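*Asks:* For the protein sequence lines, the chains are R and B, in the order given.
Count along the first sequence from 1, then add 13; that gives the number in my numbering.
Each step along the second sequence adds one to the number in my numbering, with nothing skipped, and position 388 is 376.
Bear in mind the hints are in silico, worked out from the structure with no lab data behind them.
For clarity, every value in this text was computed on a predicted model and none was experimentally measured.
Where hints are given, some of them may not hold.
Lysine-lysine pairs mimicking DSS-like chemistry, simulated, CA-CA at most 27 Å apart [what the hints assert, rightly or not]: (1) R:K205 with R:K169; (2) B:K151 with B:K127; (3) B:K125 with B:K175; (4) B:K390 with R:K55; (5) R:K53 with R:K426; (6) B:K390 with R:K53.
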Amino acid sequence: MGHTRYAISRSAWGGVALEEVFQVERLPMGANLHTMRATKFKTNLLAAVLQSDLSVDEATHNALLGQVLRRGTRRWPETADFMRNLDDLYGTSVSADVAKKGERHLLVFAVGVVNDAYLDGGDAMLRRGFSILRELICEPAMEGSGLRADYVAQEKTNLRRRIESILDDKQAYAFRRCNEEMCRTEPYAVSKLGRVEDIDAITPDSLAQWHARAVREYPMDIFVVGDVDHTRAAGLALEAFGGSARRPRPVGTASTRGPAPSSKPRRIVERMPVSQGHLVMGYRTGTTFATSDFPALLFTNGVFGGYTHSKLFQNVRERASLAYFASSGIEQTKGLMWVNAGIDFDAFDTAVGIIEEQLDAVRGGAITESEMENTRRGLIRDIEMMRDQPSSLMDLALTGIVNGCSITAEQLKQRVSQVSLEDVVRVARGIQLDTVYFLRNEEGARHA
Amino acid sequence: MREMELDRSELLREEVARTRLNCGLEVAALHKRGYAKKYAVLATRYGSADTRFRIRGTADPVSTPEGIAHFLEHKLFEEENGSIDDIFADLGAYSNAFTNHTMTGYLFSCVDNFWPAFDTLLDFVMRPHFSDENVEKEKGIIEQEIRMNEDSPDWQAVNGFLKALYQRHPVREEIAGTIDSVRSITKETLYECYRTFYHPSNMTLFVVGDVSPAQVGDRASACLDGREFGTAPNLERLRPEEPREIGAHRAEKGMAVSEPIVCFGYKDNRVGYDGPPLMRKMIGMEILMHMLAGRSSALYNALYADGLIDSSFDWDCDYERDYGFAMFEGRSENPDRLVERVAEGISAFVAGGIDPDQFERTRRRVIGSMLRSFDSLEFIAYNFLTYHFRDMRLIECVEVAKSITAEETAGMAGELFDPELLAVSVVLPGSGLEQGE
Chain R
14 MGHTRYAISR SAWGGVALEE VFQVERLPMG ANLHTMRATK FKTNLLAAVL QSDLSVDEAT
74 HNALLGQVLR RGTRRWPETA DFMRNLDDLY GTSVSADVAK KGERHLLVFA VGVVNDAYLD
134 GGDAMLRRGF SILRELICEP AMEGSGLRAD YVAQEKTNLR RRIESILDDK QAYAFRRCNE
194 EMCRTEPYAV SKLGRVEDID AITPDSLAQW HARAVREYPM DIFVVGDVDH TRAAGLALEA
254 FGGSARRPRP VGTASTRGPA PSSKPRRIVE RMPVSQGHLV MGYRTGTTFA TSDFPALLFT
314 NGVFGGYTHS KLFQNVRERA SLAYFASSGI EQTKGLMWVN AGIDFDAFDT AVGIIEEQLD
374 AVRGGAITES EMENTRRGLI RDIEMMRDQP SSLMDLALTG IVNGCSITAE QLKQRVSQVS
434 LEDVVRVARG IQLDTVYFLR NEEGARHA
Chain B
-11 MREMELDRSE LLREEVARTR LNCGLEVAAL HKRGYAKKYA VLATRYGSAD TRFRIRGTAD
49 PVSTPEGIAH FLEHKLFEEE NGSIDDIFAD LGAYSNAFTN HTMTGYLFSC VDNFWPAFDT
109 LLDFVMRPHF SDENVEKEKG IIEQEIRMNE DSPDWQAVNG FLKALYQRHP VREEIAGTID
169 SVRSITKETL YECYRTFYHP SNMTLFVVGD VSPAQVGDRA SACLDGREFG TAPNLERLRP
229 EEPREIGAHR AEKGMAVSEP IVCFGYKDNR VGYDGPPLMR KMIGMEILMH MLAGRSSALY
289 NALYADGLID SSFDWDCDYE RDYGFAMFEG RSENPDRLVE RVAEGISAFV AGGIDPDQFE
349 RTRRRVIGSM LRSFDSLEFI AYNFLTYHFR DMRLIECVEV AKSITAEETA GMAGELFDPE
409 LLAVSVVLPG SGLEQGE
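This is chain R alone, in the form it adopts within the complex:
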């Protein structure tokens, strides 16, 4: 879309509310079905999410498994044939990828089909969508007792390249490095794609065994958002997955408590041939999705750095002209907060100083009426806009599942509307700077 006037890379909201209209049902095969009827979309979203703990082993295997499974199925073992079949079905979209929420690893399978009402009526597309979802998850292309050996070999290489290519996106790289350093003694440091060193040992047979165990034992949630009523969705989900013998095992906590930051934050400076300095500051907030202060944490982040009216944008960019982007974002499950900004190499001390001053101002209650009210309006707007986005609705529900506590969008909106300045100050006082990471050029002063 060319250049936008400003970019806030991680939104203040980031995905939070449980949409109140999700209807939930425990299905007999040990999976939960979540449906939301919405007739305004031209596509129906069908998805299944498998959850595990976050470890190097889980992350590496699950990431590779997702890549291998989307290559083909028992019915369509050749990738080209599988893709041609999807073209035939009006470009039905298929994805199999991994994500992490706190210290939980998620394998997310999604199928997007055109609403039959826009084609010939009936329910052919919807039925095909469900069977593709099942084939994708449960019926992979096999070779003997293993997954297709050529696919496993190719995807091992591609996974390694994908992990290494994070270097190419300097903001993402700086962000990941800050997390690795901040959480170096916690599972959260593990990348959602796992680790290069652990790829080699995986074989077609070992991955097939991993797959069988994942499908059998990982807790499973199925989501249907679109022009489908709950009873119909339950029938189709049972038809698709009812035959699988599942014995879900409970998973551990998604949010371990990290060590308290030392009074002097760690400083990590790395050098590379770059044009711009990439600054990421990592904080521990002490507040998570599962705590009662969560709406106040959203609010604090909004006042501090989530929006263009926030203190960071106003002071780092608009007043000091130091950056094109300067914003904060939160990880809701683990209760982490980050500030990131792209700055001149020489502006490091000035920028860190201004950023800390701004958080101090929040801690000290130096917040104007309009900063409070604009944040409130911004958060409420963001909650309401999720109703137009099936994927964010699903993401929000997942955050609730991972955190073991549900709150409806309406309840959250209510709670956000009641957050007071005192709440913001209390939450801000619990936020501690842990790690300052700076990616800079190879020349220049080395004391930073």
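Following the hints, put chain B in place on chain R, whose structure we already have.
*Replies:* For chain B alone, kept in the frame of chain R given last:
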């Protein structure tokens, strides 16, 4: 209530209502029932490629610095007492803007307070306030934006490609300009560009969401029709004559990347028109490129199995009135072998002719993705304007896709892929060395 002209698609089940105000502004709206979000964009036919122009009969040609359209976009938000973003934030609306090669757009989205935000949008875009101090202050911000792009290898690969493909056309220049060109921008030049390109007759307002289109027309008229905008400048955009040949076959740049990133493609010299013929070409090209290099194609799957591409590989086409190209991009450990194999694949594809089954299947795929896109208000708004400024109607996309024939796409394939017009841009792992041209 204002009478609006209606364009309807039975296949999409959507309708666009259009009208033109007395001041010359075109207003259009698509009523999306049931959506919480409301989205409005006020756009002008002015982009980074419009650096040279002349007002017919009155003055000499004017040359302005690279990046000025984008700079103006940033500065229009400035008010005497701060930024217009503050007003949008007070209303709970999200505001932003964008600039590309041929268009600048100002937008907001909201759930509540739509009409006050709407009035604010129309008011601030039509009322510039530039000062020496504010112009200077913005330079530091834009310098960081330029540096951010310098660190993006994907951006650099595409930019190197455009610079190799075009010898003179300003599409080869950076949208944000260079650090030097931005430093030379003054308040006076901004006002001159504003007067030239921001007359309402050069602009279009588009609204999408659960809002009555007739009310959009009425309200826009109430906001603007009492104001004095003067007569529209008799504008002539000066574009240098672009030679048929490309500028360079290959460009390289070293950056801190994990493996080479390559962007390559073909210059299309059959340009100089817009409207329905351009729309047929764009949609025909979309079908053609899917057949040739999409995920279900023989070529894509062979390249993938041989390890020459990964899932980052993709293609794109861009067609404007006076330029057009088709390109491929992705990561590859062996970019030269990849380019060779794609060129061979294209020859084989052209020689083999279009398979009617593949054509029908691909057409279905393209229609499905069009339907899917209409679930996104941002997609609708951005593409409505892009199409509209090329005298095309987005709402007719499915109908056009249904009417395109295999022969038409075969014709496009036969004309486009001239090895003489192939440019390759590679970002290689290494440190900042620049070659080529």
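*Asks:* If a hint holds in the structure, say so; if it does not, say that too.
*Replies:* Against the structure, the hints come out as follows:
no.	hint	in the structure
1	R:K205 with R:K169	holds, 15 Å
2	B:K151 with B:K127	holds, 24 Å
3	B:K125 with B:K175	holds, 12 Å
4	B:K390 with R:K55	holds, 18 Å
5	R:K53 with R:K426	holds, 23 Å
6	B:K390 with R:K53	holds, 24 Å
Checked against the numbered hints given earlier, the structure satisfies every one of them.
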